[in-house]
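Engineer: From first to last, the protein sequence lines are chains A and B. The opening position of the first sequence corresponds to residue 1 in my numbering, with each subsequent residue numbered one higher. The opening position of the second sequence corresponds to residue 1001 in my numbering, with each subsequent residue numbered one higher.
Derived from the structure by calculation, the hints contain no laboratory data. Nothing here was measured: the structure is a model prediction, and the numbers come from that model. Some hints here could point you the wrong way.
Dumping the calculated DSS-like pairs for lysine-lysine here, alpha-carbon to alpha-carbon at most 25 Å [to be verified]:
id : chain 1 : residue 1 : chain 2 : residue 2
1  : B       : Lys1119   : B       : Lys1028
2  : B       : Lys1110   : B       : Lys1147
3  : A       : Lys19     : B       : Lys1147
4  : B       : Lys1119   : A       : Lys13
5  : A       : Lys13     : A       : Lys201
6  : B       : Lys1114   : B       : Lys1061
7  : B       : Lys1028   : A       : Lys9
8  : A       : Lys9      : B       : Lys1110
9  : B       : Lys1071   : B       : Lys1110
10 : A       : Lys9      : B       : Lys1114
11 : A       : Lys94     : A       : Lys306
12 : B       : Lys1147   : A       : Lys13
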Amino acid sequence: MGYDMTLLKLAIKSTLNRKASVLLTLCTIAISVMLLLSIERVRHDAKSSFSNTISGTDLIVGARTGDIQLLLSSVFRIGHTNNAVSWKSYLDIKERKGVAWTIPISLGDSHKGHAVLGTDATYFTHYRYGKKQHLAFQNGRAFHNAQEVVLGSDVANKLHYHIGQQIVISHGMGNTSFHHHDDNPMTIVGILAPTGTPVDKTLHIPLIAVDAMHKPSHTQPMMIGKKPQQNDHAQHQHAEDHNSHHNEHDEHDEHDEHDEHGHPHGTLDSEPSDLVGSPNQITAFLMGFDSPLYTLQVRRNINMYKAEPLLAIMPGLTLRELWEMLDIVEKILLLFSIVVVLVSLLGMLTTLLATLSQRRRELAILRSVGARPIHIFALMSSEAILITFMGCLAGCFLFYGLLFTANPLLQSQFGISLTIGWLSNYELTLLGVIMSAGTLMGLLPAARAYFYSLADGMSIKI
Amino acid sequence: MITITDLIHTWPTQSHPTLNIKALHIDKGERVFLHGPSGCGKSTLLGLLAGINALQSGQIKILNTDLSTIKNAHKDRFRADHIGTIFQSFNLLPYLNPLENVTLGCEFSKQRRKRLTDKKTDMTTEATRLLKALGLNDSQLTQHVSKLSIGQQQRVAAARALIGEPELIIADEPTSSLDEDSRHAFIETLFNQAGDYQASVLFVSHDKSLASLFDRQISLLDINGV
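From just these sequences and the hints, can you work out the full model?
Structural biologist: Spelled out as structure tokens, the structure:
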């Protein structure tokens, strides 16, 4: 009766008496717990953010490549598709029975390292992400003609663009744009609300604008909206500057922004006009069906399409496949953090064992006042439990501290939005496992102390 | 108080017994000085009396309880209730203040606490009284034990042994780290407090100069037949 309280009080006081070593042990446990929780939270949220990239789309159709390659290029804007879908095939498939909507997409161009996506008005009405959320405008509206552009939220933030500003979009990929002038730039008419998906990092332009850039008549990479007569001028100047071309890239990049020019093109109150034009081909298209029953049937038909080799994938399925490929990385990360926790617990074990021999006198005194070996055992193990518990608690505090500070960075840099909520059941289980491991570790020095106290009796003299 | 008959004890690592005591008797209230050179088995005998070392052969009776007949858990409780111990040095837990070190003597013993209740006092009051009677002042009661002199630390240890009035006080060379004046003063105050309730004192030392202060002197070499 009352012994438990006495032992706990003794354990706390004894632990506090060895502040320095206990504090160090506590710190290593806290940091490792923080690390484990952070890695697990990032892992979990990256996974859900990943699978939320696209939703509500039944099929993605592109030229025949690999499932994952098509997904990466059409949804994540990673890699290139060398082949394209002919506009004729698109129109043909679009008319199939059960097709509710289609979104044509044309990729391959960039603006200051951000992907440029050509599409039509259906993109803003049918593209969905996350939990079947539609795209929303943070500012402005969808494009109405070939001179208008809609930005993803990250693009606008990073490049400090605003509605009404005029920018030049050049043909080609990469961070440095081709030689161009500031004539007839495109007007920013809309900025999308953040989605946490690659949409945020994309500039959206009408298909007709993409088509204009890719016209075979242009032997020279060209800019949207450029007057034909000035194209010759550009070509001429390009030839003149040929030798110093590379050196000028940076300079030209500096000229990408045009907000001070105030060109009359692309006014914000424009009337809707043709957004598609007559493209020869597109990169891919997204499809939605009236009923899921059509999905498999149409997919089969597309994969056996006679006119050209096409590939239709179900994005949910392919996303899952892709994530499974990343599984190994995920597992290695988890393994690393588990090892870190284990090392910190071993550190605690070392400290407890090292101080044990110094504490044999203390244990003999406790024995002399009537403490039984089992009390000594309880005292020693409760110290380990106490240290682990405090370490876990401090680790949780550090974890939340890190979460609050790192969240904006992760959001802006990687598009991963971490959930700042209570610990999930999974995370609590992890903590439980650490607690049990810490307790088990504590049993070792406790058992040694138990046998010391049996053998030493009261004769120990240090 | 203590009756030992035919006690033989051999440590597992040794081939010859360390102790072989035919008979020893100590009365209630008696102050006994047990002396002998290092390694003659003094500590082994104390361990056996305290019930920490297991009895191999023979009989030890304390307060009419035969230690060979009771279980280990019972022995621990018996020790907590009836025996107060003072060590040679490093007697105190460094993380408890003097007052807490003294009350620790009661923490594991219901009976010691009951005796305090019977005396209409509590652990802290009694600890304070004992510490003051043994010569500590108010400010020393709660300061860090490392700030006390060795002599003061031994007084705290004595108070811990005495609190709750255990019938037997075992002192294992408690004065060896004290100078001569302090030794005498320490033993006197110990006797005073133990005498208050007729406790027996078994004082173990190799320093014969203290022997004259005791009721009886026993040389372990004389009674140990090994």
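Engineer: Is B/Lys1114 within 25 Å of B/Lys1061, Cα to Cα?
Structural biologist: The given pair, whose Cα atoms are some 23 Å apart, holds under the 25 Å limit.
Engineer: For a C-alpha distance cap of 25 Å, please report whether A/Lys9 and B/Lys1114 respect it.
Structural biologist: holds (22 Å)
Engineer: Please work out if B/Lys1147 and A/Lys13 have their alpha carbons no farther apart than 25 Å.
Structural biologist: With a Cα-Cα distance of about 18 Å, the restraint between B/Lys1147 and A/Lys13 holds, given a limit of 25 Å.
Engineer: For the pair we were handed, B/Lys1028 and A/Lys9, check the Cα-Cα distance against 25 Å.
Structural biologist: Violated: B/Lys1028 and A/Lys9 sit about 36 Å apart, past 25 Å.
Engineer: Decide if the proposed pair is consistent with the structure: B/Lys1119 and B/Lys1028, CA atoms, cutoff 25 Å inclusive.
Structural biologist: holds (21 Å)
Engineer: Assess, step by step, whether the Cα of B/Lys1071 is no farther than 25 Å from the Cα of B/Lys1110, and give holds or violated.
Structural biologist: holds (18 Å)
Engineer: B/Lys1110 and B/Lys1147 were given as a pair; does the straight-line alpha-carbon distance stay at or below 25 Å?
Structural biologist: violated (31 Å)
Engineer: For the pair supplied as a hint, A/Lys9 and B/Lys1110, confirm whether the alpha-carbon distance does not exceed 25 Å.
Structural biologist: holds (18 Å)
Engineer: If you draw a straight line from the CA of A/Lys13 to the CA of A/Lys201, is it 25 Å or shorter?
Structural biologist: violated (56 Å)
Engineer: Straight-line Cα separation of B/Lys1119 and A/Lys13 no greater than 25 Å?
Structural biologist: violated (30 Å)
Engineer: Take a quick look at whether A/Lys94 and A/Lys306 sit within 25 Å of each other, Cα to Cα.
Structural biologist: holds (16 Å)
Engineer: What's the verdict on A/Lys19 and B/Lys1147, does the C-alpha distance respect the 25 Å limit or exceed it?
Structural biologist: Satisfied, since the Cα-Cα distance of roughly 19 Å is no more than 25 Å.
Hints 2, 4, 5, 7 from the list above are not met by this structure, while the remaining hints are.
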